[in-house]
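K.L.:
Make the complex out of the two chains shown on their own, each in a separate frame, by following the hints.
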Amino acid sequence: MLEINDIHVSYGAIRALKGVSCQVDQGEIVALIGANGAGKTTTLRTISGLIRPYTGTISYKGQDIIKLPPHQIVNLGLSQVPEGRRVFTRMTVLENLEMGAYSRNDKANIKLDIKKVFERFPRLEERKGQLSGTLSGGEQQMLAMGRALMSRPTLLLLDEPSMGLAPMLVQEIFSIIQEINQSGTTILLVEQNAHMALSIANRAYVLETGEVVLSGAAQDLANDPQVQKAYLGE
Amino acid sequence: MLSQQILNGITLGATYALIALGYTMVYGIIQLINFAHGEIYMVGAFVGVFMITVFQQGLVVSLAAAMLACVIMGVTIERFAYRPLRRSTRLAPLISAIGLSIFLQTLMTKIKGPQPIPFPHVMEDALYKLGPIEISKVQIIILVVASLLMAGLHFIVKYVKIGKAMRAASEDYDTSALMGINVNRVISFTFAIGSSLAAAGGVLVGLYFNSVSPFMGVTAGLKAFCAAVLGGIGSIPGAMLGGLFIGVAETLGIAGGFDTYKDAIAFTLLIIVLLFRPTGLLGRPIQKKV
Ligand SMILES: Nc1ncnc2c1ncn2[C@@H]1O[C@H](COP(=O)(O)OP(=O)(O)OP(=O)(O)O)[C@@H](O)[C@H]1O
Ligand SMILES: [Mg+2]
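So the sequences go chain by chain: A and B. Number 144 in UniProt numbering belongs to position 144 of the first sequence; there are no gaps in the numbering. Number 81 in UniProt numbering belongs to position 81 of the second sequence; there are no gaps in the numbering.
Chain B extracted, bound-state conformation (with noise of 0.2 Å):
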């Protein structure tokens, strides 16, 4: 059943692309790899359980707190944790952000312990057949929230004024101020949205697999930071395509008997396509900053 193997790697992939989504805007506009951000997917996770089972709110409400929250999470980890280091060297904002990722997961274990904790019920799951393939009505959700918020974004980037500023600061932060760009402002921004839309990713997540904890932020990270590489880091359309292609790979590769090697496949994909092509699959050729 290739079809029902490339649909269920599709969902998986539009999940890991709404967090590749903030690595590579985020690395774009400050060329930081942004390590605590699968951190800030896995709260995102959390706030959504929290609203759903202390708030007894619905999905849709709880999934746009988690992206709040996450939002404040996010933007205020780069005003606290990383601006302070914009003038230093390259690595001292690095290593805040190990910091920062190592210490989310510990205080979360400290809030909810290092197990697992399953995903509540929200809605009854409900199964529909598209001639030979089946599509679950949780999936359904998955790809029409991933691509609301895609097409939001792609939105925003084009047609925005602060989406446009921020293309502008991801080139020359510079001759961005010096067009009346609050630069610091854009780049809060970019923190703003690449936070929500890893929060929208931990909750949908959640809800797949049924289960969130503290730690899911780690792999979930890794390949999505692949897929951002992978798709061409800085690329917004790159790292939805990176995502999509990492995810219907693992999900045939599972199908294909690998499923012990599931989480290496990501990274074995990435070593081929960067062998091939060094700067991902839509990323720019390398040139240097004047």
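Next up, chain A with everything else stripped away, as it sits in the complex (with noise of 0.2 Å):
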């Protein structure tokens, strides 16, 4: 579904990405882990066309995606929650739902699925009139996933949904990527919680200073030794 071959990013002097590849399958939640300014949110804002590589190819649905802009991106059904939830916080609960809807003229559907965002996300229905910047950070995270599912995408990037929340909250997040993964969203998730994000996941990444170190069954690499002492604390 999505193919990443190769791709190269730099900011000024500094090569964030040194040739990262990976594939994403329909079906399946891949997960991208690794510390901090490991290339994690770069890789993941250059498949959403937010930064151009200057060489690498990514495909999504067979199409070359490289030379598209963000806003076309989305469209072809693939969309982002950015890291840090970035909701838009002087707009609404709902009027933040909408906008991640921008792409859709049927606004019939649209009422349908802010109907079922609420019904996944029932703390937003009661603040639907509230201004974002004054939710918590969980909510905020909830109103990130409900705003990127407006689009209806088949892949959904996630850039580190756990950050900041709780560990019941945590849970709770996971257990809602699992649904909409079960509900036929293919997802890419980012993570520093790689103890979690292994679990929920059928293969995964492991990225360090740009580059693409270790690979394979989510399984596999959680029982990996190496893994266990870097990512996993053990």
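Some hints could be false.
[What the hints assert, rightly or not] Derived pair list, reagent style BS3-like, types lysine-lysine, alpha-carbon separation capped at 25 Å:
#, chain 1, residue 1, chain 2, residue 2
1, B, 161, A, 128
2, A, 107, B, 158
3, B, 158, A, 111
4, A, 128, B, 158
5, B, 158, A, 115
6, B, 161, A, 116
7, A, 111, B, 161
8, A, 107, B, 161
These are calculated hints, taken from the structure and not from any lab test. Because the structure is a prediction, the values reported are computed rather than measured.
P.N.:
In structure tokens:
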């Protein structure tokens, strides 16, 4: 479904990605783990078209998307929950969800999908008229996820959805990610919380200073002594 | 006659507000003080005059034509003078704006000459008595047109999809793009709206003061800019409030005998307000964009 081949990205003199390749197949949950500054966010931003790599290819459903602007990539059914949630703080919860459906014109179905988001995240419904900047961190994360779902993605990129959340809420967010996956959305998940990520993923990639150093079935990586030492704190 | 002066002040302030909205909206979305905005207002006034004299059109058609012409002009300016500089230092588009402002003034001077020209006679003015105050037909037109345009703007920004996208983009480009918003198109739209409001302001001011000149955008532009900052740059209600505030203060100042300093009133007021509220009347507290 998504194939990334040897992408290189630099920020000025800083080489953030030095030839990253990975692949996500239909229906999977794929985890991308790695330490701070490994290049996880850069990878996701490159996939979404916010950053242009200077070499390499990215294809999505067989189409080369590397030259497309971000708003067109969303139209292809690839959406992202960015790092740090990035809700529109001066807009209401409802307006944030509407922005998520910006590329769509089927008003009736958009209404239906907003309802579905509210079913999944009842706390958002209670706060639908509230400015998003006044939501708690957990609620903002739910809003960011709901908003990304509003474009009806077939592939959802999630950048550290558990960041800064209490353990209870992390559990909740991860089970929602699994639900989203079970209802047919493929997921590429970036996480610092390698434990949780490997427990729900089918496969995983380990990124280190801009390079993929390990990859394989999530189970195998979770049992790998190297990974356990570096990322699972065991 | 305080109430009379306040009415006159509100009329003047409504025209400042129309111009101030363009400054604040453009600043809100691309953090640029569009120094050519006063010249868009000036060109709008001239297009109005041109429609009335050359094409013998009435006020409504001339107003609409001026607005349309300035939409095209504003969008073109953004596309060719600002967009190529978006990723350079913040000073570059500012210099480009100042250059454009000088260019447009000079161009209009070349075409029409430096002297102010009278606004053509489109209708008989009339005075109506409302208790102790008098209101002219022109004042009514200005207040009605300005109110309708501002109500329309409010509606767009609050309820229409592209207006909501403007708010989203003014908060966060990247995330807006991730929503499927074409940010460049939203920026063009912002220039279109701001320029059309300025054009309307130009025609209305021409009508009110019965004069247009290639340099009319300089003072009016600066005062409207003051109004936008005073209201809180980036805030749409702030620009409306700031415009009215400055219009009323200026008129009261003149009535109070400060007519020699009339053009200084806006700036004095701005300094005083900023001393107490550095982000303006309705401005948000300064926060860093992530
Ligand atoms: N806008 C930028 N300008 C310059 N350097 C950047 C920029 N964004 C990221 N970098 C650098 O690129 C490298 C990869 O950053 P990236 O944000 O992709 O890491 P990450 O794996 O997401 O880290 P984290 O887990 O902390 O979010 C880092 O060295 C970072 O300093
Ligand atoms: Mg990151």
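K.L.:
Between residue 128(A) and residue 158(B), is the straight-line Cα distance small enough, at 25 Å or below?
P.N.:
16 Å, holds
K.L.:
Take the C-alpha atoms of residue 111(A) and residue 161(B), compute the straight-line distance between them, and say whether it is at most 25 Å.
P.N.:
14 Å, holds
K.L.:
Run the distance test for residue 161(B) versus residue 116(A): straight-line Cα separation, threshold 25 Å.
P.N.:
21 Å, holds
K.L.:
Taken at face value, is the distance from the CA of residue 111(A) to the CA of residue 158(B) at most 25 Å?
P.N.:
Answer holds: residue 158(B) to residue 111(A) is near 18 Å, not above 25 Å.
K.L.:
Residue 161(B) and residue 128(A): Cα distance at most 25 Å?
P.N.:
Distance of about 18 Å is within 25 Å: holds.
K.L.:
Holds or violated: are the alpha carbons of residue 158(B) and residue 115(A) at most 25 Å from each other?
P.N.:
Answer holds: residue 158(B) to residue 115(A) is near 22 Å, not above 25 Å.
K.L.:
Can the restraint linking residue 107(A) and residue 158(B) be considered satisfied, given a maximum Cα separation of 25 Å?
P.N.:
At roughly 17 Å apart (the allowed maximum being 25 Å), residue 158(B) and residue 107(A) satisfy the hint.
K.L.:
Is the straight-line distance between the alpha-carbon of residue 107(A) and that of residue 161(B) 25 Å or less?
P.N.:
It holds: about 12 Å lies between the C-alpha atoms, which stays within 25 Å.
The structure agrees with every numbered hint stated previously.
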